[in-house]
Amino acid sequence: MIHVQNRELVVPGQLIAEGDYQVYEGAFREGKQVYASVVGLADVRGQNIRIIPLQGRYIPKRGDVVIGVVVDSHHSGWILDINSPYIGNLFVSDLLRRKVDLVREDISQYLGMDDVVVAGIKEVNERMRVQLEAGEPGMGRVEGGKLVEISPMKVPRVIGRKGSMLNTLQNVGECRINVGQNGRIMVWGKNPRMTNAVIEALFMIEREAHTSGLTDRVHLMLEKIKSGGK
Amino acid sequence: MEKPEKLIVDGKRLDGRAPDELRPLKIEVGILERANGSAYVELGANKVLAAVYGPREMHPRHHQQPDTAVLRCRYNMAPFSVEERKRPGPDRRSVEISKVTREALEQVVFLKLYPRSVIDVFIEVLQADAGTRTAGITAAAVALADAGVPMRDIVSSIAVGKVDGTIVLDLTNDEDQWGTTDMPIAMVPRKKLITLLQMDGHFTGEEFKQALDLAFKGCEQIYDAQRQALREKYAIKRGNKK
Chain A
171 MIHVQNRELV VPGQLIAEGD YQVYEGAFRE GKQVYASVVG LADVRGQNIR IIPLQGRYIP
231 KRGDVVIGVV VDSHHSGWIL DINSPYIGNL FVSDLLRRKV DLVREDISQY LGMDDVVVAG
291 IKEVNERMRV QLEAGEPGMG RVEGGKLVEI SPMKVPRVIG RKGSMLNTLQ NVGECRINVG
351 QNGRIMVWGK NPRMTNAVIE ALFMIEREAH TSGLTDRVHL MLEKIKSGGK
Chain B
4 MEKPEKLIVD GKRLDGRAPD ELRPLKIEVG ILERANGSAY VELGANKVLA AVYGPREMHP
64 RHHQQPDTAV LRCRYNMAPF SVEERKRPGP DRRSVEISKV TREALEQVVF LKLYPRSVID
124 VFIEVLQADA GTRTAGITAA AVALADAGVP MRDIVSSIAV GKVDGTIVLD LTNDEDQWGT
184 TDMPIAMVPR KKLITLLQMD GHFTGEEFKQ ALDLAFKGCE QIYDAQRQAL REKYAIKRGN
244 KK
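Here the protein sequences come in this chain order: A and B.
Each residue of the first sequence is one higher than the one before, counting from 171 in this note's numbering.
Each residue of the second sequence is one higher than the one before, counting from 4 in this note's numbering.
Calculated directly from the structure, the hints in this document are not laboratory data.
Certain hints may be false.
Between beta-carbon pairs, the in silico distance windows are [as the list claims (entries may be wrong)]: (1) His62/B with Asp190/A: 38 to 46 angstroms; (2) Lys231/A with Gly168/B: 26 to 34 angstroms; (3) Arg64/B with Glu293/A: 52 to 60 angstroms; (4) Met171/A with Lys212/B: 28 to 36 angstroms; (5) Asp13/B with Gln192/A: 39 to 47 angstroms; (6) Gly308/A with Glu223/B: 48 to 56 angstroms; (7) Gln192/A with Pro63/B: 35 to 43 angstroms; (8) Ile172/A with Lys212/B: 32 to 40 angstroms.
Don't be surprised by glycine CBs; every beta carbon is placed ideally from N, CA and C.
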């Protein structure tokens, strides 16, 4: 028995369903009843219930790709700020993907303070100690480009259904974009005018994430700026 | 103000309310740009602002709990919030209110989800007219929801008391001062769980039961207003649909 419509706005403590449902993030069960625990949109798929949150901070999850900033270094690696309540730990061996002789090699040549790094989350333990890795292609230290920070809960909107929004931004905006799950986005473009337009578009997506037809509006906005430049 | 001869005339209170009536209530959500969540509550002449930051890294580090987040509350009154200037800074009263506020809210927050972190709640009273701790809890609960902090329910809070021998809901400053009893209550409305109960003055057993019933009714109304305020902030703006 379901008490809400799909995609309905729910608030904490609101009864969503009664019965044997599989409960995911944003909801909790009390006996047979399932309640919402956050403000969000109810997402009911068959027996699965979850709430798409509209607010909140980024909580690291294994397998996510995030964009971090180096805030500290130690003898075998670095500590990264990943826009979350928790810091990320990156070891040299997880950056270079090889054994590193720490006595012979000076690791400060690879990363320095305030460097921006694209990293994957290798592991998160129950104490929320976060292990990062940055050895895969496309990961590691970021060169050039612009860094944008938005609410992490709006990241799915930036990507869009099957990457539609991201494709629009990259194709029309003539740039390359790397989206971190933690709300940090890197934008590289040759044309500074279009790069700035894309950044504006990202902020627009954040502001209007809850409205429909957003991809079309972003497309329109970018096209307009593009043609205005010629 | 001198003590009025009567606080209740013909079943109406000094401000014209019935004994079981709330003062006008206004709740606004998300009015602070820099906070993760915020709320502003006006209850009659009370004006209270609540801000939530976090979950974020706990400083000082030795206060971190390895298995859970910590809820930290600060209730603070602005120097200009009361008639006679209040000396700024924490005092015996505000330290106590901060503690009971934390205990009232702690019951509903899923703190275990964020080990080693802290959730900071700041409550600033801008204008006071009795019942600021309850207005503060009401605001803080909404601010927590606005911050996206997972909770079992939204805590609602109100005061009841006895004035001229009548049990009344939501006392004003005059009623608090000249009345016999003041009892602030916070509760988890869905489960009717009381998370704060303090009392100044006295009730008979029967009066206490009556007052509790009245407080439950008051909290229901506040609960509705809290949920309404949250819905209004987050409702999908149909006007933008193309």
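So, going through the hints one by one against the coordinates:
no., hint, verdict
1, His62/B with Asp190/A: 38 to 46 angstroms, "holds, 43 angstroms"
2, Lys231/A with Gly168/B: 26 to 34 angstroms, "violated, 59 angstroms"
3, Arg64/B with Glu293/A: 52 to 60 angstroms, "violated, 22 angstroms"
4, Met171/A with Lys212/B: 28 to 36 angstroms, "holds, 35 angstroms"
5, Asp13/B with Gln192/A: 39 to 47 angstroms, "violated, 59 angstroms"
6, Gly308/A with Glu223/B: 48 to 56 angstroms, "holds, 54 angstroms"
7, Gln192/A with Pro63/B: 35 to 43 angstroms, "holds, 40 angstroms"
8, Ile172/A with Lys212/B: 32 to 40 angstroms, "holds, 38 angstroms"
Hints 2, 3, 5 from the list above are not met by this structure, while the remaining hints are.
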